[in-house]
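Could you build the full structure based on these sequences and the hints that come with them?
First residue of the sequence shown? That's 1 in the numbering used here, and the numbers climb one at a time after it.
The set of hints was computed from the structure by calculation and includes no laboratory data. Positions of the beta carbon are idealized from the N, C-alpha and C atoms, including for glycine. One thing to keep in mind: the hints can contain errors.
The calculated lysine to aspartate or glutamate pairs, modelled on EDC-like cross-linking and capped at a C-alpha distance of 16 Å, are [what the hints assert, rightly or not]:
id	residue 1	residue 2
1	Lys72	Asp29
2	Lys149	Asp45
3	Lys72	Glu25
4	Lys72	Glu130
5	Lys149	Glu130
6	Lys149	Asp47
Across the chosen pairs, the derived CB separations fall in these ranges [said to hold, decoys possible]:
id	residue 1	residue 2	range
7	Arg128	Pro13	34 to 40 Å
8	Thr57	Gly102	14 to 20 Å
9	Gln18	Leu99	19 to 25 Å
10	His150	Ala56	29 to 35 Å
11	Tyr3	Tyr55	27 to 33 Å
12	Thr138	Pro43	20 to 26 Å
13	Asp22	Pro1	36 to 42 Å
14	Gly54	Pro13	16 to 22 Å
15	Ala81	Val127	14 to 20 Å
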Amino acid sequence: PVYVLNHSQHNFPNRTTQPDLDEIEEWTDRAARRMYEGAGLGPSDVDIFNPYDGYATMSQFYLEAFQWHGVKRGDAFAFYAGDIRVEGPHPFSSSGGNLGNGRTRTAMYTDSIQQLRGSAGPRQVTVRAETALAAFTTPSSGGWMMFGKHPS
Numbered sequence: 001p002v003y004v005l006n007h008s009q010h011n012f013p014n015r016t017t018q019p020d021l022d023e024i025e026e027w028t029d030r031a032a033r034r035m036y037e038g039a040g041l042g043p044s045d046v047d048i049f050n051p052y053d054g055y056a057t058m059s060q061f062y063l064e065a066f067q068w069h070g071v072k073r074g075d076a077f078a079f080y081a082g083d084i085r086v087e088g089p090h091p092f093s094s095s096g097g098n099l100g101n102g103r104t105r106t107a108m109y110t111d112s113i114q115q116l117r118g119s120a121g122p123r124q125v126t127v128r129a130e131t132a133l134a135a136f137t138t139p140s141s142g143g144w145m146m147f148g149k150h151p152s
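So this is what it looks like as structure tokens:
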């Protein structure tokens, strides 16, 4: 089985029609804190990271806010230069996300569950797969889910 370790919905208010970088970073940082605190986990505990990627820059904001594999602000592009394939040591967005699947909306959740079950077929990661973090969200509104192979 796969368990839901935490979930979070948010709808942060926009000051203007187009948020600025400070707002986006604040919102993604808050989402990360909520998810980690609620699940009792930290960045190093997350094996599978499937952030929402409706626009390519969103993945960068989430990767830096959630600090997956130690990525800090401004480090996302350097991380992408590494091995992020499903067979590699840092399988990033193993679902292919919306950019790889079309606007499926829930590919990130489905893939996270399949990865933990070991049923992802050719997308199956080769690293440890005990926990997964997935989102269907823009920085300002949406939801996150933390999954685990064990209930705590």
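Hints, one by one, checked against the model:
no.	hint	in the structure
1	Lys72 - Asp29	holds, 11 Å
2	Lys149 - Asp45	holds, 12 Å
3	Lys72 - Glu25	holds, 12 Å
4	Lys72 - Glu130	violated, 23 Å
5	Lys149 - Glu130	holds, 5 Å
6	Lys149 - Asp47	holds, 11 Å
7	Arg128 - Pro13: 34 to 40 Å	holds, 38 Å
8	Thr57 - Gly102: 14 to 20 Å	holds, 19 Å
9	Gln18 - Leu99: 19 to 25 Å	holds, 21 Å
10	His150 - Ala56: 29 to 35 Å	holds, 33 Å
11	Tyr3 - Tyr55: 27 to 33 Å	holds, 31 Å
12	Thr138 - Pro43: 20 to 26 Å	holds, 21 Å
13	Asp22 - Pro1: 36 to 42 Å	holds, 41 Å
14	Gly54 - Pro13: 16 to 22 Å	holds, 20 Å
15	Ala81 - Val127: 14 to 20 Å	holds, 18 Å
Figure legend: structure checked against the earlier numbered hints; the only hint not met is number 4.
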